[in-house]
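**Student:** So the chains spell out like this:
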Amino acid sequence: MPGKAYPDVQLYRYDWGRLNEAAIGSAIDNVAMKGPQCASPIDLSLAGRTMQIVTDADGPNAGPTLSYRFLTGTRLILSENGGDGMNAGYAALSLEHFTFFAHLIPGTLRGYAVVVDNRTGLVTAFELWFAGQEAKREVSRAVWQGYLFDKGRDAPSHRHRSTNRMEGKGLYWKSDTGEETLEFYPSISYSHWVELTRLDGRQGYCAPSDYIQIDDRFYLHTRTEAEFSGIFSATLIDLDRLRQVGLRLGFNAADELEYRLFTGMGEWLGQIAQFEKFGDVSGGPAKPRPGPGQVGQLDPDAKGARGIYRPLGTMPKMTRAQVDAAVKRNTRVFAPRTGEGSGAAGMATNGLPAVDWLAGKSFALRYDGGPVMDYRVRSADELQWRKDGGAWVTARYQAYEPSAGVILFGHVLEGEPNHDGHSICADFENGLVTTFNGFLNTPYFANEAGARTLFGTIGMEGLASPGKRRHERTNELLGRALTWNYAPGLTSMHLYSTPHTVSWIIFTDSGAGGLEWSGPGDFVKIRDDLYFAYWLEDACNGTLGTIVINMRTMHDSGIGYHCGEEGLSMSQIGAHSRHAGKFDIDRFFKNRA
Amino acid sequence: MTGKSMTSRRSFLKSGAVVAAPVAIIATPALAAGMEEDALRSRLARMEDSRAIETLNRRFVHHFNVADRRGLAGLFADGRAPELGQGIAGLVVEEGAQAPEILLTADGNRASATYACRAEVEQVLEGSDTLMQMARLQGNSAHRMHQPGQLKADYVRRPEGWVIERIQLG
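So the protein sequences, as listed, match chains A and B. Position one of the first sequence corresponds to residue 1 (the numbering used here), numbered consecutively onward. Position one of the second sequence corresponds to residue 1 (the numbering used here), numbered consecutively onward.
Because the hints were derived from the structure by calculation, they are not lab data. All values reported here derive from a predicted model rather than from experimental measurement. Every residue gets a Cβ at the ideal spot worked out from N, C-alpha and C, and that includes glycine. Incorrect hints may have been included.
[To be verified] According to the in silico footprint, chain B covers these stretches of chain A (three or more CB under 8 Å from chain B): (1) 300-310; (2) 488-498; (3) 530-543.
[Claimed, not checked] A few chain B residues that don't get close to chain A, going by computed Cβ distances all over 10 Å: (4) 46; (5) 47; (6) 51; (7) 54; (8) 75; (9) 84; (10) 119; (11) 147; (12) 159; (13) 161; (14) 163; (15) 170.
With the hints as extra help, turn the sequences into a complete structure.
**Tutor:** Structure follows, in structure tokens:
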């Protein structure tokens, strides 16, 4: 049963209704002759006009010719490719010298959103349709570039074009119906957004997007909430005056069709760095390429085809019994860095060397509201631990020193019912410790990692007690974007878009931001310019990634914790970093829990 | 072994556009002495065949380099895109290389040619981490290098024109 229009759970946890063509068609027929709603005054100046739009082919797909006759009120007649006229309702908005109008086609699952530059005659038409993806509620789109046909004029040679000139920008938007959203454009084919009012603003999400340049001031942006509601939005953005007009089309969590035009006012959040070669302004999207773990027939020549990351469908989903069996069969802690299924090993190429700093030492980690963990470290890769005075257990570990006197080490807690793993950041100069306690048997998929953040102190001979001081959570990373080069051909960027979100963007071989996804995160300050952070690959791959970020050496040191069908693994993460910039978003999270 | 060339495809197109391939006639049809007009007509037909095959090969390289398997399949007699080898991501016909020799059979229905080329070989990113999966999905590779080689192709004439019967990278 559909519930609220905007769910209380994270979007990737919501069980989106499996709408069929009949239900979608019925919803469209209810509104197609009315046209989209709009809270702002609509532009009625098209009444009485005709418009013939000629569009270019996109690869092997011929572009449509759209002949419009705008009647009085909000009715139009459309003829596609010289075919019969079809009546529909529409609405239009104007922004400077542009007209943005949208309509659905009664009796079909299709429609168009069209942007006309009334000065140049250039047009971008978004063809939209439902039932083109496995989730039929997801809106598909094809982008057609063209112009207004005028018998007395030659066809213009110029076109609106796909671009990377929006890449790296961030904007706050408030729509004419009061919705507030943070939007980040760190990629040429994806975007990241945070719903401040429709949702609780805690978690940011990612979606495939288009970026089209009209000129240096005006751009088009689309977002398709794939893997979630499937809602499509397209906006015409005035980057200089920070205004937008747009369309929102699709079914919300209550399975209600949202079909409206909107206007919005923006605030500038900032611009982060781009990493393409200077002079490269080419845009996306990436064409689909089937890869390992990706299923289905992906035809790069299909109309509107693009690469869409669909992680939930491809991640292994295991029961508690399957997890127990897999962990028993194969648990690998800091296994050699080779081969398929070696956990996070491939992400350790640029990792810090392991250190033997802990070898020969004994100490206790006392966590507030958590366990007391005693340690006897026998060598550079073997220790003994006991929890709350219980029996000693021997475990394999590795340790790294991301900052002088700060040791990151990790081990699995064999015998714990949820197969816990500890990633421990211990400051042996200040006597403080923070641990990300990973565990399995979580509520949605048993192999998906959960995480607890434990704050505490180090008890060791010769080490002064820190008293009541502790490491603390921090917002100092909020809005920052850091690149991570793990290995040749593997560079990502983190964007910390909320106090609880880590988004990761994968650079293409040309240095453009490409596919992007996000998950929950936590951020702890260890020292000035030294942070301990985690991200969870919820509904994605189930991994817990933990890293100590040294903002002076621009190198991280981390530990990954992952369970899949191949077993449980704990492995090293390490990458060289570059600071891509920082978005100014602190003000949106000051009074939020 | 060299790094990735950013101009390789352009180089091929340029060289392909200016190279005029010589025609080697394997078995010259018997021509009656003095039938100069027939000889010229035959020679012209073979020149046209050679140009058609050159164009076909350029299309093959283009479709291969943009990973257009459907476009590739349409160039082949059996309607299937070929597998040139593991990790082969691109082909560059050497600029300034000796012009390919297109050999036409006596009946004019089959042909073969050998092209000097460089193959762009990708080293695939290994691992099952999320980042690896995403990087592979968008076509990233761990490393790319160029290796010299030869493209050997056999062609067959069909009513609709020339198609590739087989092609091998050696």
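**Student:** Evaluate each hint against the coordinates.
**Tutor:** So, going through the hints one by one against the coordinates:
Closer than 8 Å: that is the beta-carbon criterion, and the region 300-310 of chain A has 4 residues meeting it against chain B, so the requirement of 3 holds. Look at the region 488-498 of chain A against chain B: 4 of its residues bring a Cβ nearer than 8 Å to a Cβ of that chain, three or more, so the hint holds. Coverage of the region 530-543 of chain A by chain B holds in this model, with 4 residues showing a Cβ closer than 8 Å to a Cβ of that chain against a need of three. Once the 10 Å rule is applied to beta carbons, residue 46(B) is consistent with being away from chain A; the minimum gap is 32 Å.
Interface exclusion of residue 47(B) from chain A stands, the closest Cβ pair being 31 Å apart, more than 10 Å. With 10 Å as the threshold on Cβ separation, the claim that residue 51(B) sits away from chain A holds: the shortest Cβ distance comes to roughly 24 Å. The claim that residue 54(B) lies off the interface holds: its Cβ sits roughly 23 Å from the closest Cβ of chain A, which is beyond the 10 Å cut-off. Residue placement check: residue 75(B) keeps its beta carbon more than 10 Å from all beta carbons of chain A (closest about 14 Å).
The beta carbon of residue 84(B) is kept farther than 10 Å from every beta carbon of chain A, the shortest such distance being approximately 17 Å. Distance to chain A confirms residue 119(B) as a non-interface residue, since its nearest Cβ pair spans about 17 Å, more than 10 Å. Its beta-carbon lying about 18 Å from the closest one in chain A, residue 147(B) satisfies the requirement of being farther than 10 Å from that chain. At roughly 23 Å from the closest C-beta of chain A, the C-beta of residue 159(B) stays outside 10 Å, upholding its exclusion from the interface.
The Cβ of residue 161(B) sits about 19 Å from the closest Cβ of chain A, beyond the 10 Å cut-off, so the non-interface label holds. In this structure residue 163(B) is separated from chain A by more than 10 Å, as the shortest Cβ-Cβ distance comes to about 19 Å. Distance check on residue 170(B): its Cβ is at least 27 Å (rounded) from any Cβ of chain A, clearing the 10 Å threshold; non-interface status holds.
Every hint, counting from the list given before, is met by this structure.
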